[in-house]
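J.: Single-letter residue listing:
2 protein chains.
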Amino acid sequence: MTNTHHMAEDTTIKKRIVQYISSLQQQIITALETTDGKARFHTDKWTRPEGGGGVTCVLEQGNVFEKAGVNISAVEGTLPASMKEVLNVKGDHFFATGLSLVLHPLNPFVPTVHANWRYFELYDGNANVIDSWFGGGTDLTPYYIFPEDGRHFHTTLKNVLDEFDADFYPVFKKQCDEYFINKHRGNEARGIGGIFYDYLRPEANRDAEWLFRFQQANGNAFLLSYLPLVEKRATLPFSGQHKEWQEFRRGRYAEFNLVHDRGTLFGLKTNGRTESILMSLPPTVRWKYDFHPQPGSREAELEEYLKPRNWIE
Amino acid sequence: MTNTHHMAEDTTIKKRIVQYISSLQQQIITALETTDGKARFHTDKWTRPEGGGGVTCVLEQGNVFEKAGVNISAVEGTLPASMKEVLNVKGDHFFATGLSLVLHPLNPFVPTVHANWRYFELYDGNANVIDSWFGGGTDLTPYYIFPEDGRHFHTTLKNVLDEFDADFYPVFKKQCDEYFINKHRGNEARGIGGIFYDYLRPEANRDAEWLFRFQQANGNAFLLSYLPLVEKRATLPFSGQHKEWQEFRRGRYAEFNLVHDRGTLFGLKTNGRTESILMSLPPTVRWKYDFHPQPGSREAELEEYLKPRNWIE
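Those protein sequences? They're chains X and E, same order as listed. According to our numbering, the first sequence is numbered sequentially starting from 1. According to our numbering, the second sequence is numbered sequentially starting from 1.
Just so you know, these hints were derived from the structure itself, not from any lab. Careful, some of the hints might be misleading.
Identical chains share a label here; the pair holds if one copy fits it or two copies do between them.
Subject to a maximum C-alpha distance of 20 angstroms in a straight line, what follows is the list of computed SDA-like cross-link-like pairs (lysine to any residue) [as the list claims (entries may be wrong)]:
1. K243 with T284
2. K232 with E275
3. K269 with N187
4. K243 with G272
5. K15 with N128
6. K288 with E247
7. K14 with A39
8. K269 with F238
9. K38 with D165
10. K183 with N220
11. K243 with Q61
12. K232 with E163
13. K45 with D290
14. K90 with P228
15. K288 with A204
16. K288 with E33
17. K14 with E33
18. K232 with T156
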């Protein structure tokens with residue numbers, strides 16, 4: 001769009017959010033490379049003809065991570081009619097920035113994790129901000145259940161939310177449980193959930209600065225919620241059967257992302273950067289016909305946990 | 001529905017089509033088991049609460065076929081509003097029968113193949129047939145190109161069509177090229193095509209019997225179009241790198257089926273039998289970030305062939 005410079009001056013919080021997203025990407029990448037100890041992130045900077053661009057960082061075939069994507073983007077332009085409808089908003093021009101990550105560990109005892117934090121602005125014809133909101137969330141997809149791992153993950157997220165509003169965790173946890181569902185698999189959950197929030201708009205008692213602090217607190221807590229699980233489980237010995245189970249369950253992950261995930265489908269159908277969008281897909285996947293694990297096995301136990309439950313006493 | 005018996009008496013061609021579909025399934029299964037020489041098909045009969053059912057036959061971990069699904073179904077019921085819209089038809093009740101198959105070979109030099117033949121009837125409130133049509137097609141997805149294999153496949157299909165109408169092959173080949181496209185991958189074709197036809201309705205000079213003979217000719221030609229390629233390529237030695245390339249390309253197959261294929265999405269979103277629908281997904285799949293084969297390699301050559309081309313002469 002032609003009035004980018006004008007908008008940037010109007011909205012200093014936008015600039016600071018973009019800077020935060022970029023520094024968060026660096027922080028996460030550095031920590032993951034240290035944890036992995038072998039592979040390094042490959043960085044692709046890309047630009048979008050319509051305005052803006054992103055930085056896609058992917059690590060593959062590591063010691064700990066078989067595939068890890070940590071992507072940021074900051075794009076602006078004219079809002080497509082289809083997106084206006086999906087978002088249920090008005091406004092001619094938009095700005096959107098965010099960080100998306102999906103980490104697929106090598107060891108089946110380490111859970112897969114996904115997180116996303118985003119910020120959106122809409123403008124009228126004079127480049128005045130007429131709407132803005134924050135969204136985000138983190139969710140965990142284990143292949144084997146360690147109840148204490150689920151408790152650690154959910155407790156870490158809850159503690160962050162509780163500092164801001166004691167009502168947040170129950171609401172955002174429920175939204176997460178309701179979103180990451182494979183409807184075509186009898187409403188099986190993708191994993192054990194986490195939190196998911198969207199359309200957090202500035203209000204009288206929660207202005208944009210408050211929401212930005214909230215967003216930063218969530219982003220900053222990610223490594224604390226997840227890395228301890230990696231440290232505890234990444235060195236557990238595993239067999240080919242454990243790996244097959246992980247690859248079979250990864251099939252469900254691919255199904256959710258390709259059939260149901262709004263962000264993925266929106267990106268693919270609006271000419272987004274396909275390789276950046278599909279970095280979320282697992283490195284290796286198996287599909288078997290009508291496969292069910294042995295009753296009573298640890299694999300069968302997982303299915304019981306793929307229903308929303310209270311992870312914190 | 002309550003008037004099934006009445007309808008069956010009205011439409012003897014329906015009965016004969018169901019019988020043909022069932023015998024075609026047996027014929028194909030027998031031939032594939034002979035070709036495989038090791039694994040056998042597992043058979044699941046299922047019924048649908050709303051009426052009808054099917055027989056899902058899947059072979060896994062064979063000598064030749066890593067995963068092969070050959071499914072038939074014959075279902076009836078009230079047409080959902082959403083389906084009426086998709087089909088652009090009128091009518092309160094429907095009957096649909098068909099055979100769907102997807103064969104994923106173990107050896108990367110043997111192409112994956114998909115075929116489907118179907119028949120549809122619509123009824124008014126008095127169970128009179130007010131509309132009916134045939135549809136079907138066959139398409140090939142190789143991982144390595146052998147031009148003579150593509151020529152054999154397309155020529156076999158063309159010869160069948162030419163016996164019925166010399167205009168069919170160019171039209172149905174084009175429809176196939178236009179359908180099996182990954183739009184989100186820069187309009188890359190899923191494979192090297194084949195033929196695809198739909199809404200072939202009885203007309204004065206092509207009555208239902210003529211169309212039924214046409215459908216049978218197509219179904220009967222399937223093994224002739226495909227098995228010679230298996231015989232020629234299934235014993236070629238292959239390396240881990242060839243297998244990885246196959247698994248990487250299978251990712252594109254999964255993407256097409258889960259993101260674009262109308263039949264798959266319709267089935268998943270209308271509470272179809274998920275395991276029967278998703279038998280089409282490959283047994284093992286890889287997704288790598290932004291992977292491109294070495295320029296000049298046989299793998300790179302494939303991409304040139306994933307654009308519609310003339311496969312005959």
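J.: Are there hints from earlier that the structure breaks, and if so, what are their numbers?
T.: 2, 4, 7, 8, 9, 10, 12, 14, 15, 17
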